[in-house]
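Peer 1: Produce the complete structure using the sequences and hints provided.
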Amino acid sequence: MKRTHYLKRELGFRRGRSIATLLSIGVSALAAVLLISIATTYSKAVQAPMKSVGADIVAQLSGDIPKALEGLVFPHPNALLPAESVSKITALPGVVSVTRGVYLWELQPNPYKSILGIDGGAAGLDNLNANLVAGAAITPESNAILIDSDYAAKNGLAVGGALLIGDQDFEISGIVDAATGGKVIRANVYMPIGLAQELAVNAPRVQELYPFGPNDANMLLIKVDSRDLRTVVEAIRTELGKKAVVSSGLSFQETLDSVLFLSEKIGLILALVVGLFATAFVLRATASAVNERQREMAVLEAIGWTRHQIKWQVILENTVLAVLGSVGGILLAVVIARLMGGIEISIDLPWDLSSTPHFLPDAKLDRTAIVNLPLEISPSLMAVAGLGGIAVGLLSAIIATSLKRPQPWALLCSE
Amino acid sequence: MKVNDMTDFAIQTEDLAISYGAVEVIRGVSIEVPKGQFSAIVGKSGSGKSTLLGIISGLENPDKGRVLLNGTDIFALDDNGMAEARRRQIGIVFQSFNLVPSLSALENVLLPVVFDDKMSKPDYEARAHDLLSQVGMNDRASHRPGALSGGEQQRVAIARAMINQPTILLADEPTGNLDETTAAGVLDLLTGLCRDIGTTLLMVTHDMDIAAKADRIIEIKNGKVEQ
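These protein sequences, in sequence, are chains A and B. The numbering used here numbers the first residue of the first sequence as 1407 and each following residue consecutively. The numbering used here numbers the first residue of the second sequence as 1059 and each following residue consecutively.
To be clear, the hints were calculated from the coordinates, so they are not data collected in a lab. It is possible that some hints are incorrect.
Claimed, not checked - Okay, derived cross-link-like pairs now, BS3-like style, lysine-lysine, Cα gap no bigger than 25 Å in a straight line:
#1 Lys1810/A <-> Lys1122/B
#2 Lys1810/A <-> Lys1717/A
#3 Lys1179/B <-> Lys1717/A
Peer 2: Here's what the structure looks like:
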């Protein structure tokens, strides 16, 4: 007979204790993995809005308020970006691509709408076209527009219809679902940048503030090498000066820092509390099992086992339970994560990235980006949870077997 | 008494003493148990006879004195040495059998040799089956202690004590929990097995009829050997 045979028999014989230990280690591993994974997923949410637009940085410049709030205007954070600055930013080391945009509000006498004219490419029209829910895509050469699905529903607009902007009617080519895509740059109307530039050139309230030309832009969507993000952000701020409005994953982090801090800490604290309870439970269960088995341990000593061998037998039993419990808990966590699929996180965008005219009650644009992130359990998290569970089992057994025991004969003798 | 270091004796004790608090349980006990004999330790309940056996087995530490088993001072041994002495030289049979409840009769018999490599595992298993046959328990080898009667458990405990063919068998009231008929059978078995392989048997008993069968009787009274 081998000691592993005895171990198997013992775990099976004390089934109740074995199951209780398995469950407590398993549940704590499960809870720790899920809680930490949810907290980690929340922390990844800061990058999601920028990723969904295909850009790492949105560069804007704060400007002035027009004398009269009428017709087509530039929102306050969307002043003209000097062409020279755009060229310099495009040439910055680490910059992969730059997509230009023209952001406009249309105010009275027409009903309010926000308009985004944008270049072609992955961060521009291609991204919008990918979110089409009806109609046809537009190209940089199109004369037609895309409209946001919420805006279309609210205003009874459909594909093939027309929408009045300024004094022109634009054909509605398609409807896009910008809300669920986690769009940073939300607008009611999307069009090729050429059309928006033309609108801005002909808009008196734009021209009274800025010498906006047919090739200018008031927003840049910039893709950078992630290693250079911070450097590029700083360089853009320097280039655009004090009025620069530079949004990136870093700025989301700043905005959401307190929430992230809380979610990460709460996740960690809950995982620790669960772990502590499990440790206390397993320690108590092991101590009580060792206490129950004092006589058996005395028998083992009487028949020629060393104290070291007896101690290791108990430690081995607990370690086996801890390994099985940890592995079971982690596997269950992976299954639950798969079943959950992901978590939907709603993020309030900074005003600069979702500028709506707050002075118009009916012009509210949803400032939240809804991000669906897969709940991922990293191998390192699984390893830490597994090792933690095993450590709990191991430590409990070491402590329980180190407690002072009566002399063996006192437990075995007849008198 | 001066301890004779020559090994004519399986067990020698010198001036053993142990107290529990203010109570002196063993007071200067020196005995010699010749090899191959059946010796009985008798005495009233609480006289210290069982405690003396505990000290001789090395499972109870005396306050003072020495125990020599086959000439070796067991309290001078470390944990490994003491365990090896118990595994290879001593077999112990208890009043309450003390079988491991999770293991079958056969597994209980094999438990002392889990770490022993004196023989191969199949050889140990063959010996265990042989011993179980000798004690009339081979047909119940797969039963756990919970499914065995007291007499059957004691037979398995005797087989366990004999697995390594010890030179010394210590028995602490081995028939104390058994009815008269079963007790007689167990006693015959125990003495018969010891005689067959020349094992020294030292038995604690309060039963004078059993003690009468011993080659030698050591009487303990108030923690001392009664001369």
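Peer 1: Could you work out which earlier hints the structure fails to respect and list their numbers in ascending sequence?
Peer 2: none
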